[in-house]
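**Student:** Below are the chains, spelled out letter by letter.
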Amino acid sequence: EPEVTQTPSHQVTQMGQEVILRCVPISNHLYFYWYRQILGQKVEFLVSFYNNEISEKSEIFDDQFSVERPDGSNFTLKIRSTKLEDSAMYFCASSATGTGKAGELFFGEGSRLTVL
Amino acid sequence: AQSVTQPDIHITVSEGASLELRCNYSYGATPYLFWYVQSPGQGLQLLLKYFSGDTLVQGIKGFEAEFKRSQSSFNLRKPSVHWSDAAEYFCAVGEMSSNTGKLIFGQGTTLQVKP
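Taken in sequence, the protein lines are chains W and Z. Numbering of the first sequence is given in this note's numbering, commencing with residue 530 and proceeding in unit increments. Numbering of the second sequence is given in this note's numbering, commencing with residue 1240 and proceeding in unit increments.
Don't take every hint at face value.
The calculated lysine-lysine pairs, modelled on DSSO-like cross-linking and capped at a C-alpha distance of 30 Å, are [as the list claims (entries may be wrong)]:
| # | chain 1 | residue 1 | chain 2 | residue 2 |
| --- | --- | --- | --- | --- |
| 1 | W | LYS586 | W | LYS607 |
| 2 | W | LYS586 | W | LYS571 |
| 3 | W | LYS612 | W | LYS571 |
| 4 | Z | LYS1353 | W | LYS586 |
| 5 | W | LYS571 | Z | LYS1300 |
| 6 | W | LYS571 | W | LYS607 |
| 7 | W | LYS586 | W | LYS612 |
| 8 | Z | LYS1353 | Z | LYS1300 |
| 9 | Z | LYS1300 | W | LYS607 |
Some chain W residues flagged as far from chain Z (calculated, every beta-carbon gap over 10 Å) [said to hold, decoys possible]:
| # | residue |
| --- | --- |
| 10 | THR536 |
| 11 | GLN540 |
| 12 | GLN543 |
| 13 | ASN557 |
| 14 | LYS571 |
| 15 | GLN593 |
| 16 | ASP600 |
| 17 | SER610 |
| 18 | VAL644 |
| 19 | LEU645 |
Example chain W residues on the side facing chain Z (calculated, C-beta under 8 Å, incomplete) [stated by the list, open to error]:
| # | residue |
| --- | --- |
| 20 | GLU530 |
| 21 | THR542 |
| 22 | VAL548 |
| 23 | TYR560 |
| 24 | LEU568 |
| 25 | PHE574 |
| 26 | SER577 |
| 27 | GLU582 |
| 28 | PHE594 |
| 29 | PHE620 |
| 30 | PHE636 |
| 31 | GLY637 |
| 32 | GLU638 |
| 33 | GLY639 |
Keep in mind the hints are simulated off the structure, nothing from the lab. Beta carbons: idealized from backbone N, C-alpha and C, even for Gly.
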């Protein structure tokens, strides 16, 4: 069964460092997403990406965050200068269609980011 | 603003017993509703979804959920729980008119299964 894969599974970084989280969505999917879950809190929407551009982003997704689809397979989330509060599990997801068209999101296993 | 509430943070049931996980949502329009499960070390797996039609939906692993518009609820049920069902369960609501895939998640309910 096709799946969304994420790397790394766990990354520890120093505050102020740049971090790139990588995702390989399901190959025929068109919509890509990043969500995050701070320990003990809800899973929160960060950003959605379609047709090579951001289609929606949350207030969390400020200038420190960026997303990119550098080639035909990878989808990356970059945090330019990490803060302690960026420590969380980051989930990548993809869907064949957007939610509004009865799309189903397929999630990866997550990348745990720890900022020291 | 849209919100999802899962009133029970932690539930413990005996293996073989029935299960109901509660979910209430606050949403102005007709929502899309989802239940996801997260086993330890795993990603979020879709159990079932409701978009329209029959308000009782069947999902994987023997789960079902019932949409009750009058109560703004979408409770998840299983008649007989198995030890492998121990996991965290998330209810989520999506925007029907949205193409962006933005889901609003509840806090999650951790299910523990006693032998």
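**Student:** All hints are to be evaluated individually against the structure, with a verdict given for each.
**Tutor:** Here is how each hint holds up against the structure:
Taking the CA atoms of W:LYS586 and W:LYS607, the gap is about 14 Å. The hint holds against a cut of 30 Å. Our distance criterion of 30 Å between C-alpha atoms is met by W:LYS586 and W:LYS571, whose separation comes to about 17 Å. Restraint check for W:LYS612 and W:LYS571: the C-alpha separation of about 19 Å stays at or below 30 Å, so the hint holds. Restraint check for Z:LYS1353 and W:LYS586: the C-alpha separation of about 41 Å exceeds 30 Å, so the hint is violated.
A distance of roughly 24 Å separates the Cα atoms of W:LYS571 and Z:LYS1300; the hinted pair therefore holds under the 30 Å criterion. Restraint check for W:LYS571 and W:LYS607: the C-alpha separation of about 21 Å stays at or below 30 Å, so the hint holds. For a cut-off of 30 Å, the pair hint linking W:LYS586 to W:LYS612 stands: about 19 Å separates their Cα positions. Between Z:LYS1353 and Z:LYS1300 the CA atoms are separated by roughly 18 Å; this keeps the pair inside 30 Å, and the hint holds.
Of the pairs offered as hints, the one joining Z:LYS1300 and W:LYS607 is violated, with about 36 Å between alpha carbons and a cut-off of 30 Å exceeded. No Cβ of chain Z approaches the Cβ of W:THR536 within 10 Å, the least distance being about 13 Å, so the stated non-interface status holds. The claim that W:GLN540 is not at the interface with chain Z holds, since no C-beta of that chain comes within 10 Å of its own (minimum 16 Å). Every CB of chain Z is more than 10 Å from the CB of W:GLN543 (nearest about 26 Å), matching its label as outside the interface.
Every CB of chain Z lies more than 10 Å from the CB of W:ASN557, the least distance being 16 Å, so the non-interface label holds. Remark: the non-interface label on W:LYS571 conflicts with the geometry, its nearest Cβ contact in chain Z lying 5 Å away (cut-off 10 Å). Once the 10 Å rule is applied to beta carbons, W:GLN593 is consistent with being away from chain Z; the minimum gap is 20 Å. Against chain Z, the non-interface label of W:ASP600 holds: every CB pair exceeds 10 Å, the least being about 21 Å.
Non-interface status of W:SER610 relative to chain Z is upheld: no Cβ of that chain comes within 10 Å, the nearest being about 26 Å off. Consistency note on W:VAL644: stated as away from chain Z, and its beta-carbon is indeed over 10 Å from all of that chain's, at 21 Å minimum. No Cβ of chain Z approaches the Cβ of W:LEU645 within 10 Å, the least distance being about 22 Å, so the stated non-interface status holds. Checking W:GLU530 against chain Z by beta carbon gives a least distance of about 11 Å; that is not within 8 Å, so the hint is violated.
For W:THR542, the interface hint is violated, since its Cβ never comes within 8 Å of a Cβ in chain Z; the closest pair sits about 21 Å apart. Interface hint at W:VAL548: violated, since its Cβ lies 19 Å from the closest Cβ of chain Z, which is beyond the 8 Å cut-off. Among the interface hints, the one on W:TYR560 holds; its C-beta lies about 5 Å from the nearest C-beta in chain Z, closer than the 8 Å criterion. Residue-level restraint check for W:LEU568 is violated (minimum Cβ-Cβ distance to chain Z is 12 Å; threshold 8 Å).
For W:PHE574, the shortest C-beta to C-beta distance to chain Z is roughly 5 Å, which falls under 8 Å, so the interface hint holds. The interface hint given for W:SER577 holds, since its Cβ lies 4 Å from the closest Cβ of chain Z, which is under the 8 Å cut-off. This hint is violated: W:GLU582 has a C-beta 12 Å from the nearest C-beta of chain Z, more than the 8 Å allowed. At a threshold of 8 Å, the smallest CB-CB gap from W:PHE594 to chain Z is about 16 Å, leaving the interface hint violated.
Look at W:PHE620: its Cβ gets to within about 7 Å of chain Z, closer than 8 Å, so that hint holds up. Given hint, W:PHE636 at the interface with chain Z, holds; its Cβ is 4 Å from that chain's nearest Cβ, closer than 8 Å. Hint on W:GLY637 holds. Least Cβ distance to chain Z is approximately 5 Å, under the 8 Å limit. A hinted interface residue such as W:GLU638 counts as satisfied when its beta carbon comes closer than 8 Å to some beta carbon of chain Z; here the least separation is about 4 Å, so the hint holds.
Checking W:GLY639 against chain Z by beta carbon gives a least distance of about 6 Å; that is within 8 Å, so the hint holds.
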